[in-house]
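A.B. asks: These are the residues of each chain, in order.
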Amino acid sequence: MLKNVKMNMEQENRITKAMNSLDGIQRAKAPVDGFAKIQQKLADQRKQQQPAASWMKVAAVVALVVCSNVWAVSNYLAYESVTTEDSSYPELMTDFNLYDYE
Amino acid sequence: MIEEKSCIKSIVSGSEEALEWLYNHYSDRVFNTLISYTKNEEDAEELLQDVFVTIYHTAASFQYNSSVSTWIYRIAVNKALDFLRKKNSQKRSGIFTSLYRKDSGQVAVESPDFDHPGIKMENLEDARFIFNAIDKLSENQKTAFILTQIEGLPQKEVADIMKQSRKSVESLVQRAKAGLRKELEKLYPERGK
Chain A
0 MLKNVKMNME QENRITKAMN SLDGIQRAKA PVDGFAKIQQ KLADQRKQQQ
50 PAASWMKVAA VVALVVCSNV WAVSNYLAYE SVTTEDSSYP ELMTDFNLYD
100 YE
Chain B
0 MIEEKSCIKS IVSGSEEALE WLYNHYSDRV FNTLISYTKN EEDAEELLQD
50 VFVTIYHTAA SFQYNSSVST WIYRIAVNKA LDFLRKKNSQ KRSGIFTSLY
100 RKDSGQVAVE SPDFDHPGIK MENLEDARFI FNAIDKLSEN QKTAFILTQI
150 EGLPQKEVAD IMKQSRKSVE SLVQRAKAGL RKELEKLYPE RGK
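Protein sequence lines correspond, in order, to chains A and B.
The opening residue of the first sequence carries number 0 in numbering that gives the first Met the number 0; numbering runs sequentially from there.
The opening residue of the second sequence carries number 0 in numbering that gives the first Met the number 0; numbering runs sequentially from there.
Bear in mind the hints are in silico, worked out from the structure with no lab data behind them.
Note that the structure is predicted; figures quoted are calculated from it, not measured.
Worth double-checking, as some hints may not be accurate.
DSS-like mimics (lysine-lysine), calculated; alpha carbons at most 30 Å apart, straight line [what the hints assert, rightly or not]: (1) B/K85 <-> A/K36; (2) B/K155 <-> A/K16; (3) B/K155 <-> B/K166.
According to the in silico footprint, chain A covers these stretches of chain B (three or more CB under 8 Å from chain A) [to be verified]: (4) 3–15; (5) 27–34; (6) 49–57; (7) 169–182.
Built from N, CA and C at the ideal position, the CB exists for glycine as well.
Just chain A, same shape as in the assembly (with noise of 0.2 Å):
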């Protein structure tokens, strides 16, 4: 029964130093060259973003070139279209009597 006891208090008085052993403690202190390496990672960040934009560009030339091979083909297919669809040839040649051999 004594024996039991006295192990408590050990057990007891051990776990109390545990939970004391975070007194006093000091700050750890972070590595020197820290700030470097933070400068390196973002000049990295900048670099892989930096292919990135001359796709941009390059996909937006090549945009602006389809765009307007798009417009200038329509274009020539709407003048085309205008032309087949004109209607003042009949009426010149029954004004003029073109090809009236009565």
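Using the hints provided, position chain B relative to the given structure of chain A.
C.D. replies: Structure of chain B alone, referenced to chain A:
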């Protein structure tokens, strides 16, 4: 305080000098917090860099009515908890993961005993058990315990960082201490033999 907030404004406009000023002001505090979570200096250093890179990129979202210190600690705590979640999920799928770190090729198995660099020599052994026991606490209890007992922040500031009331932080710290005692009780009878 005014200086800190104008520093954030400078960071928003892309000033790395302002970021350096903030780093010199907060790096030790952030590193000390991170190392208590990671229990590994290399990982804490990596996370420290991540924290300041995040500060640089997200400075524009800083709410000027809150404190810079609270904001920085919140970023640090979130990074540390994300790191631990990732590490735990890797442990769970351990059968499929390599024994070696992907980046450096070093052995990824960590030492079971961590010695915090700020612990007094005579307390090193006991502190090792405390740091191992901290791992078994819930995320909130762990954060409340680390910020109040190791980092020494007032409960009010910890409540702001954790977005909780001061009362609940107080209760979290009490429960964390009770949890740690329980872990130590399991440990000491064996050691006493």
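A.B. asks: Determine which of the earlier numbered hints do not hold for this structure and return their numbers in increasing order.
C.D. replies: The structure breaks only hint 4.
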